[in-house]
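*Asks:* Given the sequences, and given the hints that come with them, work out the whole structure.
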Amino acid sequence: MDLNTITTVAHPQTRAQLPIWTAGDAWLAGGTWLFSEPQVHLTRLIDLADLKWPALTVTESHLGIAATCTVAQLDGLVCPPGWFAAPLINQCCRAFLASFKIWKTATVGGNLCMSLPAGPMISLTAALDGVCTIWKADGGEQKIQVIEFVTGNQRNRLATGDLLRQIDIPIAALKRRAAFRQISLAPVGRSAALLIGSLDTDGTLKLTVTASTVRPIQLSFPKLPNASALRDAIEQHIADELYHTDIHGKPLWRKHMTLRLAEEIRDELLGAAPS
Amino acid sequence: MSLDVNGKPFSQAPRAGQCLRTFLRELGHFGVKKGCDAGDCGACTVLLDGEPVHSCLIPAFRAEGRAVTTIEGLGGDSGAHPMQQAFLDAQGFQCGFCTAGMILTCVSLNQAQRTDLGVALKGNICRCTGYRSIEDALLGKSNVDENIDPGAAFGRSLPAPAGPDVVRGKARYTFDTQIDGLLHIKLLRSPHAHAKIVAIDKSAALSIPGVHAVLTHEDAPTVLISTARHERDWMDPEDTRILDDVVRFIGQKVAAVVADSEAAAEDACRRLKVDYELLPALIDPEKAMAPGAPVIHPDRTTANRVADARRNLAAETHGEFGDVAAALATSAVTYEATFHSHRVQHAALETHGGLAWLDASGVLNVRTSTQVPFLTRRALSDIFELPIDKVRVFCERVGGGFGGKQEMFVEDILALAVLKTERPVKLELTREEQFIATSTRHPMRVHIKAGADADGRLTALQLNVLSNTGAYGNHAGPVMFHSLSESIAVYNCPNKKVDGYAVYTNTVPAGAFRGYGLPQTLIATEAAIDELARQLGISPYEMRRRNVVRSGDPMLSPPPSEFHDVLYGSYGLDQCLDLVERAMRADGPQPDLSPEWLIGDGLALTMIDTAPPAGHLADAMVALNDEAGFDLTVGTAEFGNGTSTVHRQIAATTLATTVDRIRLRQSDTAHGGHDTGAYGSAGMFVAGKATHAAAMQLATELKTAAAGAWLCDVGSCTLESEAVVRGVRRMAFVELAKLARERGQPFAGTGNSSGTPRSVGFNVQGFRVAVNKGTGELKILRSVHAADAGVVANPMQCRGQVEGGVAQALGAALYEEMVIDADGRVTNPKFRDYHLPSFADVPRTEVFFAETSDTVGPLGAKSMSESPYNPVAAALGNAIADATGIRFTAPPFKPDRLFPALRDKFGN
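Protein chains in written order, with our numbering: chain A, 1096 to 1370; chain B, 184 to 1091.
It cannot be assumed that every hint is accurate.
[Claimed, not checked] Taking lysine-lysine pairs in the DSSO-like style, the calculated list, with each CA pair at most 27 Å apart, reads: (1) LYS1013/B / LYS1350/A; (2) LYS1238/A / LYS1270/A; (3) LYS962/B / LYS1013/B; (4) LYS1350/A / LYS1088/B; (5) LYS191/B / LYS353/B; (6) LYS1199/A / LYS1013/B; (7) LYS1350/A / LYS962/B; (8) LYS573/B / LYS603/B; (9) LYS1318/A / LYS1270/A; (10) LYS1199/A / LYS191/B; (11) LYS456/B / LYS385/B; (12) LYS379/B / LYS456/B; (13) LYS921/B / LYS1013/B; (14) LYS1350/A / LYS1318/A; (15) LYS456/B / LYS603/B.
In short, the hints are calculated from the structure, not lab data.
*Replies:* Below, the structure is given as structure tokens:
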């Protein structure tokens, strides 16, 4: 929709050109959320497109995802055969409530910064041990785990004027065996629970719970637990008040689905676990 | 800035925060539609450098140097793109408002996406069709009959006349026109559920450049009205001012700003300083009648047609035939339960709004998205004390209605603004305003008691209904009466009792909605029939056969009605029950489901009067034109209901010609005559009768002229193949047109219909469902619908109405839910939080028609557009009960709502 209070758009091309953050500013990445709701408190957009950050960079140790990388670009990444967790990328893209048309515009960074419980890019990058690089408003830089970055429903660790620059995924995480489960109230609705389990070569299980909880929660097990140990751990680590409540799912059901999907993941990974 | 749209360069610059959607429309590309303006519905889809995007989410400046293709440019110079032709062949649209975005999305799907349409099309909402015809378009199916002989159109699957324009993005909806010097209106809305406006300081708002006027209750006529539009004004209470000094729900309009731009109007709205004196608010309808409850309309009396303002009662009814209590005490089996139906929104993709101006002769013109142009004209004439011929209200194509546009929500403000500023004005509601400030379905609590004897004969039926009409009583009474009428009149039962209360609350008003109260009571009555049958070990089909009215049986619901004009013009309920039972029993693919899935069947039936009570009027005119075709003028509006198609079929059949020879003009008060409006499924049953009568009269005129020339008896002449024929003699319409020119007087016929007597139509819905006892998920394995529509005027369209009704009702039964918090605020006023059925959510429904011919309706036809909605939630509830053994009494039947009871019964 038209954002009628916007009077200017800044187009910085380098970090040095980023304008001094003032009240009424907003970063513009894809804009798919920004333009979807009235933003009467805003007067200036700072367009990140002309910074021309490379969308995806692969090094020996990391997959770097620019905050401005679109969902479609990430989904289109051709992954090497050894990245056993690669199917998670498409699975998480498909978990978007929005269709493939929005993926062409919406960005990975935008999804993280929105910090909705159902943000599937949060699920993906948190499960794969992603690390955020934040350009601090004061000119500095900060690194923080994705799992720590999102602190609640539409809450995160960005301070005023901070800018999420990129997310780095360790290649080692992409080489883990992974299992994905998601459920919503409608066949292609917003995620009410989205769980990802991944198994390291040493047998470590990481279970990442998203969508059902107000923030991503990761549980780590040195080896694949049995069903009751898994259940106990989830009940112990995820207090009832952490389960999200809104029109897309009641907390009691979200909790039950979390337990159920976790067990399905455990069961699926059982075959892949080192004995 | 430079960009290329449909191959043409443009150099205009957008505003800083402008989105591509409005920019493209400002450049004249009206095929780009606004459904939600928030990226959720896909109506604004365009191709940006060949890739489909939602243009409402794209900052317009990002189109710099890029190529945009809108629906108007898709076909190029050659006319239609193959996908446009496919949508035309399949008739993959009804109102057509989503069609441009749907087609542009479909052209961009790759082969993989086309194998998974549920996912591929999840970003495109169609509110009308139920998606089957859209899938047909993608499969290359044709659903239209071609090469139809003159006089043979009725009963055939003719395509909608607007189709070619709809698929090319040329069909003009409410805002698809350019008006110079247009001013824009924005509304300041109340943040309080109940408050008195003490003062409004306009000074800061008026100081904004470009602001022409700020209109408040001080500027508005004091006359009390209802936003509801009915032929008879006495059906609704006078409890509403167009701008009031008391606000009674969050979202009620407080002031209207008229400005050069929407931006200036919005800015001025934010700068209005309103001093409110807060009043106690009543949100919970259960508390409305309790002593000490806040009174919402303290000054209204029965003289205003408010039943009991002190008890917050907009309307009430009580009645009993026989003795229900005594009958229940001696019945073999009884059932009692309370059901709750929730609040849902019409979600027509075109929001409310309109354009208005004064023309050179001083006539107030209002171009608006309405189902009721003539009744709106009457209201504007009354409110502003204008002579009726100084007001013109009209619509071209309307982007969906579903009852929501049987109201006057914007036209009064448009008129006020035009009269104050004498400038052309526009008011286009946002999607959020649709949710918080128009109307919804009436939420209802329905308590039912029912009994039957050992043979399964009903002994008693009792309904107690509490209907929440919200802050105003538009449609409060008629919906309540309707909910208590056909729902029990369809059953023979010696003892019946009803109590109904329509109560005010400080919430967004409820209003007319497809089904008009019946869906809310049917989930109770149809559940009771099933529960009694289960106790007796009788099949639900058999139970119904033993109790439904048969042709000739009195159709009774207490208290005694003052309307005695409903008769069995035809009767097909027995066939409908048979058709559904047979189809449900037929072999089909066996679902491959784990034992966690519980499977069950359910059905529900509905009877509906074929027109509203107390008169529903329609005039039609038809004249032979110079080209030997016919000009047909009707008042009824087209918003996807298909009446434009059917009126032409009726006229063409009666006049022995083909539909392409019928030029239709519609829904414009300037054309003369009167039409109550397109509601209560009256567009065909009532207005169609008027068209038939007009065509019959013209046929007689033509025969008389020929008989005069041939010196023979008129009765010996017939119309055949575009001519009057008697034996071997033939006078072609071309000759008659020439004759008319020579004598200086056209051949013309007029017809009218008063909407009485009325007949009854029937629908039966069957579902087979699977419910996962571990997750609460629900799958529809089979959906079967049988409809008694009399002689089916257009099988393709009628099927579409049934499918669309089932889909819309499934939305309400499974997903859609407006949530209002303790303060009275709608918490989810956007599509992403109000899940409309998308392609993936709607099963294919097998549709069957009873073979009947109605003695009342035009050419044997009956109405069929709102009733398919009615039995759906009830049938689904019955199927879930059959599958799980649990009676769920409050839709929507979402997994998180089903889950607690499933866990209690089946464990983890």
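*Asks:* Next step is simple, just say for each hint if it's right about the structure.
*Replies:* Here's how the hints hold up against the structure:
Straight-line distance between C-alpha atoms of LYS1013/B and LYS1350/A comes to about 26 Å, which keeps the hinted pair within the 27 Å bound. Taking the CA atoms of LYS1238/A and LYS1270/A, the gap is about 23 Å. The hint holds against a cut of 27 Å. Our distance criterion of 27 Å between C-alpha atoms is met by LYS962/B and LYS1013/B, whose separation comes to about 26 Å. In summary, the hint linking LYS1350/A to LYS1088/B is supported, as the alpha carbons are separated by about 18 Å, within the 27 Å threshold.
Distance restraint check for LYS191/B and LYS353/B: the Cα-Cα separation of roughly 18 Å lies within the 27 Å cut-off, and the hinted pair is therefore satisfied. At most 27 Å may separate the alpha-carbon atoms for a hinted pair to count; LYS1199/A and LYS1013/B meet this at roughly 22 Å. Between the alpha carbons of LYS1350/A and LYS962/B the distance comes to roughly 22 Å, so the proposed pair stays at or under 27 Å and holds. Distance restraint check for LYS573/B and LYS603/B: the Cα-Cα separation of roughly 16 Å lies within the 27 Å cut-off, and the hinted pair is therefore satisfied.
Our distance criterion of 27 Å between C-alpha atoms is met by LYS1318/A and LYS1270/A, whose separation comes to about 17 Å. About 24 Å separates the Cα atoms of LYS1199/A and LYS191/B, which keeps this hinted pair within 27 Å; it holds. Note on LYS456/B and LYS385/B: the hinted pairing holds, with a Cα-Cα distance of about 7 Å set against a maximum of 27 Å. For the proposed pair LYS379/B and LYS456/B, the alpha carbon gap of about 14 Å is at most 27 Å, so the pair holds.
Distance restraint check for LYS921/B and LYS1013/B: the Cα-Cα separation of roughly 58 Å exceeds the 27 Å cut-off, and the hinted pair is therefore not satisfied. Distance check on the hinted pair: LYS1350/A and LYS1318/A sit about 23 Å apart at the alpha-carbon level, within 27 Å; holds. For the proposed pair LYS456/B and LYS603/B, the alpha carbon gap of about 21 Å is at most 27 Å, so the pair holds.
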